[in-house]
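Undergrad: Residue numbers for the sequence shown follow the working numbering, so the first one is 1 and each next one is one higher.
Worth flagging that the hints you see were computed from the coordinates, not collected in a lab. Please read all numbers here as calculations on a predicted model, not as lab measurements. Each hint should be verified, as a subset may be incorrect.
Unchecked claim - What follows is a list of derived Cβ distance ranges for each label pair:
1) 201 to 248: 32 to 38 angstroms
2) 246 to 188: 17 to 23 angstroms
3) 199 to 333: 32 to 38 angstroms
4) 172 to 219: 20 to 26 angstroms
5) 250 to 53: 36 to 42 angstroms
6) 250 to 150: 30 to 36 angstroms
7) 94 to 211: 35 to 41 angstroms
8) 39 to 117: 31 to 37 angstroms
9) 349 to 72: 54 to 60 angstroms
10) 199 to 332: 45 to 51 angstroms
11) 332 to 213: 24 to 30 angstroms
12) 56 to 288: 25 to 31 angstroms
13) 233 to 177: 17 to 23 angstroms
14) 333 to 223: 43 to 49 angstroms
Claimed, not checked - Straight-line C-alpha distance at most 27 angstroms; calculated DSSO-like pairs for lysine-lysine:
15) 126 to 37
16) 37 to 210
17) 287 to 244
18) 362 to 124
19) 158 to 210
20) 281 to 362
21) 126 to 362
22) 158 to 244
23) 210 to 124
24) 176 to 210
25) 77 to 37
26) 158 to 75
27) 362 to 287
28) 77 to 158
29) 126 to 281
30) 124 to 176
31) 75 to 281
32) 210 to 291
33) 281 to 158
Backbone N, C-alpha and C fix where the C-beta goes; we use that ideal spot for every residue, glycine too.
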Amino acid sequence: MKIIQGLMLMLLLLFNGTSHILAETLENEPLSLLTLKGDFRLRYQSEKNSEGVHRIRNRSRIRLGGLRVLCSQSKVKFGLATGGADPRSTNQTFQDSFQTPDIRLDYAFFSHAFSSRMEVFGGKMKNPLWRPSDLLWDSDINPEGLGIRVYHQARQIKYAITGGYFVLDELKSSAKDPYLLVIQPRADWMLGDSLQGRVALGLYLSRYLKGVSLDHSADTNSGASSGLENEFSSMVYSAQVDFKGRWGVPLMRAFGEMVINNHLQRDHQGLIVGVQVGDQKVNRIGKWQSKVSYRRLEADAWLDTFPDSDSYGGATNVAGLEWGLNYGFSDTMVLGIDYYSMDKIEGEKDPQVLVQVDLNVKF
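Sequences and hints are given; from them, build the entire structure.
TA: Right, dumping it as structure tokens:
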């Protein structure tokens, strides 16, 4: 723990030493060097539960991202998106007599490469951790804090270690603000052109979280509404293997993750296993991808503020199947279908089926 905190202190000092360079670059370079990109999504969503309640939501989302290269080593990135305060959703539901929706700051951070082997970043950042699935992290979540990544290559294996200091909340009544420390070493290897893989081991340690109720919780952790009963010390094992050009498809990918919260002895594990087939990217007409996965996430395996919000509302204590398909209509337009069938692991059963049909347009 002290080693990681010392690393973060060093990181802050390095940021301070380079800040004047970044400021001078911003002053001297024109705004025209700002690079923009974005996407728009139109969604039809259907939800059904065991009580026969059927909910339909028509939704949209627009995101705009900017990149400013300050120098050969430094960048600033920012993004704007629709949605409300929920960090797990940038959707805007059609409602309230054509009410005008909000545009919010989605992320804003800078990165600096001290060499080809080390980079640091800070702010409200794109998640720097490798995640082969959304079992633990919804794709819309952008952590706030500091991060560092170190690279190394030895023959056919590439290594990387990512560290993070993520601030979870600010408490008015105490200086002991809760935070999450993470370190994730990973390795990539290639065995010829048709077989490659990646494995990672992540360690997540919470501090000052016991007794705190986090915003945007699904209220499925023990004590989530009144104050969390325990800290979290979660080990995460992640892996994927890619088979390229075999069995008649450009890509077949097997992936999986397992999480174990070492602070507890029950309701403390989770896993996901899945397969993806199709093209490597859906960026042309006729390109496609499909995947199927099974997940099981026990109540206290992981913080219930972070999992995929489409999987039973982002709760823990859930298990079930997901199937998805993406098909390219053009170079910039993709039709997507996602199907979830989920239920509670413990307690009164309440199965839920969610279907989403998306039209995604990049610009």
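Undergrad: State for each hint whether it applies.
TA: Results for each hint:
1. 201 to 248: 32 to 38 angstroms: For residue 248 against residue 201, whose Cβ atoms are near 34 angstroms apart, the range 32 to 38 angstroms holds.
2. 246 to 188: 17 to 23 angstroms: holds (19 angstroms)
3. 199 to 333: 32 to 38 angstroms: holds (35 angstroms)
4. 172 to 219: 20 to 26 angstroms: holds (23 angstroms)
5. 250 to 53: 36 to 42 angstroms: About 41 angstroms separates the Cβ atoms of residue 250 and residue 53, which means 36 to 42 angstroms holds.
6. 250 to 150: 30 to 36 angstroms: holds (32 angstroms)
7. 94 to 211: 35 to 41 angstroms: Taking Cβ atoms as reference, residue 94 and residue 211 lie about 40 angstroms apart, which means the hint holds.
8. 39 to 117: 31 to 37 angstroms: holds (32 angstroms)
9. 349 to 72: 54 to 60 angstroms: holds (57 angstroms)
10. 199 to 332: 45 to 51 angstroms: For residue 332 against residue 199, whose Cβ atoms are near 34 angstroms apart, the range 45 to 51 angstroms is violated.
11. 332 to 213: 24 to 30 angstroms: violated (43 angstroms)
12. 56 to 288: 25 to 31 angstroms: Hint holds: Cβ distance 27 angstroms, inside 25 to 31 angstroms.
13. 233 to 177: 17 to 23 angstroms: holds (19 angstroms)
14. 333 to 223: 43 to 49 angstroms: This hint holds: roughly 46 angstroms between Cβ atoms.
15. 126 to 37: holds (15 angstroms)
16. 37 to 210: violated (40 angstroms)
17. 287 to 244: OK: residue 287 and residue 244 at ~15 angstroms, within 27 angstroms.
18. 362 to 124: Within the cut-off at roughly 23 angstroms; holds.
19. 158 to 210: Status violated; Cα separation ~37 angstroms.
20. 281 to 362: Holds: residue 281 and residue 362 sit about 14 angstroms apart, inside 27 angstroms.
21. 126 to 362: Roughly 19 angstroms separates the two Cα atoms, so the pair holds.
22. 158 to 244: holds (19 angstroms)
23. 210 to 124: holds (24 angstroms)
24. 176 to 210: Holds, because 11 angstroms separates the two Cα atoms, which is no more than 27 angstroms.
25. 77 to 37: OK: residue 77 and residue 37 at ~11 angstroms, within 27 angstroms.
26. 158 to 75: Judged against 27 angstroms, a Cα distance of about 24 angstroms means the pair holds.
27. 362 to 287: OK: residue 362 and residue 287 at ~15 angstroms, within 27 angstroms.
28. 77 to 158: Answer holds: residue 77 to residue 158 is near 26 angstroms, not above 27 angstroms.
29. 126 to 281: Cα-Cα ~20 angstroms, so holds.
30. 124 to 176: Satisfied, since the Cα-Cα distance of roughly 20 angstroms is no more than 27 angstroms.
31. 75 to 281: Given pair residue 75, residue 281 holds - Cα atoms ~26 angstroms apart, limit 27 angstroms.
32. 210 to 291: Status violated; Cα separation ~37 angstroms.
33. 281 to 158: holds (23 angstroms)
Hint compliance for this structure: hints 10, 11, 16, 19, 32 are broken, all remaining hints hold.
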